[in-house]
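K.L.:
So you can see what is in the structure, the chains are spelled out below.
Number of protein chains: 2
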Amino acid sequence: MVKKAEYRSGFPEYLPSQRAVELSVLDSLRRTFELHGFASVETSSAEALDRLLQKGETDNEVYVLRRLHAEVADDHSGLGLHFDLTVPLARYVVDNAGQLEFPFRRYQIQKCWRGERPQEGRYREFTQADIDVIGKDTLSFDADVEIAAVMAEALSALPVPPLRLQINNRRLMEGFFLGLGAADPAAAMRAVDKLDKLDPEQVRRLLVDDAGLSPEAADRCLALAAIVAADTSFVQAVRDLGVEHPLLDQGLAELAAVVEAASDVATERVEVVADLRIARGLDYYTGTVFETRMVGWERIGSVCSGGRYDALATDARTTFPGVGISLGVTRLLAPLLTAGVLDASRSVPSAVLVALPDGGSRRACRAVAQQLRARGIPTEVAPDPTKYGRQIRYAQRRGIPFVWFPRAEGTHEVRDIRSGDQEVADPLSWTPPEIDLRPTIRHEELPE
Amino acid sequence: MVKKAEYRSGFPEYLPSQRAVELSVLDSLRRTFELHGFASVETSSAEALDRLLQKGETDNEVYVLRRLHAEVADDHSGLGLHFDLTVPLARYVVDNAGQLEFPFRRYQIQKCWRGERPQEGRYREFTQADIDVIGKDTLSFDADVEIAAVMAEALSALPVPPLRLQINNRRLMEGFFLGLGAADPAAAMRAVDKLDKLDPEQVRRLLVDDAGLSPEAADRCLALAAIVAADTSFVQAVRDLGVEHPLLDQGLAELAAVVEAASDVATERVEVVADLRIARGLDYYTGTVFETRMVGWERIGSVCSGGRYDALATDARTTFPGVGISLGVTRLLAPLLTAGVLDASRSVPSAVLVALPDGGSRRACRAVAQQLRARGIPTEVAPDPTKYGRQIRYAQRRGIPFVWFPRAEGTHEVRDIRSGDQEVADPLSWTPPEIDLRPTIRHEELPE
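Protein chains in written order, with the working numbering: chain U, 1492 to 1939; chain G, 1492 to 1939.
Be aware that a few hints might be false.
These stretches of chain U come out as covered by chain G in the derived footprint (C-beta under 8 Å, 3 or more residues) [stated by the list, open to error]:
#1 1527-1534
#2 1718-1729
#3 1764-1770
#4 1804-1816
#5 1900-1910
One side of the interface only, derived from the structure: several residues of chain G facing chain U at Cβ under 10 Å [to be verified]:
#6 G1501
#7 H1527
#8 E1533
#9 R1558
#10 G1571
#11 R1853
#12 E1871
#13 T1931
#14 R1933
Derived by calculation from the structure, the hints in this document are not laboratory data. We treat Cβ as the ideally placed atom computed from N, Cα and C, and that holds for glycine.
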């Protein structure tokens, strides 16, 4: 990661080889989302400030826009930069409801901004990759299953440490609390949500004092929150706690279906678990909730979160329920790139450098390069007709694997500068090995 | 284009099929840039305000960032959103000079912001696609030739009306003015630069009054500015004006080389011309300058501009000369999309919709979809087991060309819903025609 002046901290920038890693990750995400038929959408970076502040949770984290020297009549202080892609999606869906087809399945990969105090995993500018399915009036629960499976598949393809996708269901939790006779299940939810920050004894006290549960009921809540399972065995574990409620039944069935579908596509790189302590702070989730930890990097928090919201947006006539999940691309990658865990095999796309024998052969060298490019081989021409040794070092410093030597007599040779192997080659037919066509991602194992 | 509330005008947003057009254009640009070995870079959206204002030309167009409720001590009013990608590149190069390889060849496709009064072709948020080559201390003139050729090739691949890439050289102009005895060649340059806005007689007066030229010399300047040629014949046309100066000779040779190289890759869709009235307002250009008009859309101004700058950036020890060109992707596309000139064949990536015979077959249908995806075919499963007629209309409304019908007995059929042709198909081998794999771009001819 680039060192930078303090005032710009929180605005991460990558060196070219690091950016190549990010591009490869973004390409991979897009490929998975599009294979599943999700359509790309971008929304404007600016939203009306009153809309951004509706949730009331990020007040002083929003960046307000103001035109320099704006006259009062033309002040844009009513606009701020979006801090996520969910609020803009809700506005976009309402604005364009008449022209969109529902269920509306979109992916959105864009920068977001928050005026947070920067730290590892927290940035002021960061890229999110979201998928959501939005219904009009109704949305089948199968969308929850799909969202989980698509994101699990997308995560499986990434060159990052193993991930753990943790799934829970707020209906399950609410039903459990109601079955225990909780008068204020929302207070119990808020208490359980604090298990990340407080120790169980403190949470137990909150369950008794704030949520009005008996000590025995509070213990059962803590027992519920301790359940983790990589398959549907969690259903029996919950049943064994002896709580009954129709909402609990619905939540258990939903969670089992989502976990099962996501497990179908999970790999050794992405573990899918039912984790019954996951609550998500935000009030608008109503069913399925997701969080994701990177193994060995739990300290940076959840890198991929989301859930079901029965009313993502409403206008005068219509309610738009939705389910979505948001991958924090910068939160995921910036720490790995900074630590040197990930890097690319080269800092340029070029697979071939065409060497320049002398200044007069520049046009001929350009023609050779163009012949290679015509067959999809990224190629650049050496900038100066220096000694070949210097031109080879030009390629080496950038990680370009092949140097092409045009010969006056019209024959050509190409050298793999990693092995030193050199062979006669025809610019109309020579092709590098598939793996050398674009930069590959190097994933260093972390020291234990 | 989406209708939107007035306060958001200038922040264009696309419907999914319009976004598919933009994505296809961005992919095409990236492909060309990478084939030529340009590396992707992104810089942070925010720059120090004093850096953004250094050129002094865009004072009140800059968006200043402020954290809502920022305390004075933590105020971020020192940051603004970048209004182009050149100022950030200069800062990035100096920040990272020790870790970059020079000549540094990068492309950068990012959003920029200006608080301009919105109008056709002018937006408050817009995407630019830049390529630049940056040297350390020196940069061969061949980089100018390369930049022109790469952008001409990139433009040729775009599904837009014909473009005219207009190239000039400020050394040529300056040498011409000096050869005429101009005491203040910069004033003469500024006068010629006004030919877009003023009539020739007014410019002639400026050349006499402000630049101190004789009426006869002013006429020769206007004659120079009137020269346009699609080949190197402009050299003789300039010679015929009878002005001599070493800088003029150098400028003529450079312009001839750039025009020749760019013409090599030009097609009927992109005309390359030497246009000797192109001056570019900005002071920092020192040699080659570029502008680009879209035929029939000249009113939106230049969609792709740039040039040579002998000192893009400097630090205590080093000067970084550069040459670059910047394509206004939003300026190019938003008017075409708004006018309905461009659209995509479908609003989703899906080539296939797998119909759902009944709720119980959802898992089997998902498996079929996954078999198609495994071979790179974007596929979605119908959301509900409604009547097949309704499921086919679901596909039609989105422009999905194929509907897949799983049959209970394990055989399958696929229907091209455009032709109605239906055939037995195997999900492990059936492939749609290559052209149907992704949305195609429709380019409506403009009414004359």
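K.L.:
Compare the structure with each hint and give your call.
P.N.:
Outcome of the hint check:
no. : hint      : in the structure
1   : 1527-1534 : holds (count 8)
2   : 1718-1729 : violated (count 0)
3   : 1764-1770 : violated (count 0)
4   : 1804-1816 : violated (count 0)
5   : 1900-1910 : violated (count 0)
6   : G1501     : holds (9 Å)
7   : H1527     : holds (6 Å)
8   : E1533     : holds (6 Å)
9   : R1558     : holds (4 Å)
10  : G1571     : holds (7 Å)
11  : R1853     : holds (7 Å)
12  : E1871     : holds (3 Å)
13  : T1931     : violated (15 Å)
14  : R1933     : violated (17 Å)
Consistency with the previously given hints fails for numbers 2, 3, 4, 5, 13, 14, ordered from lowest to highest.
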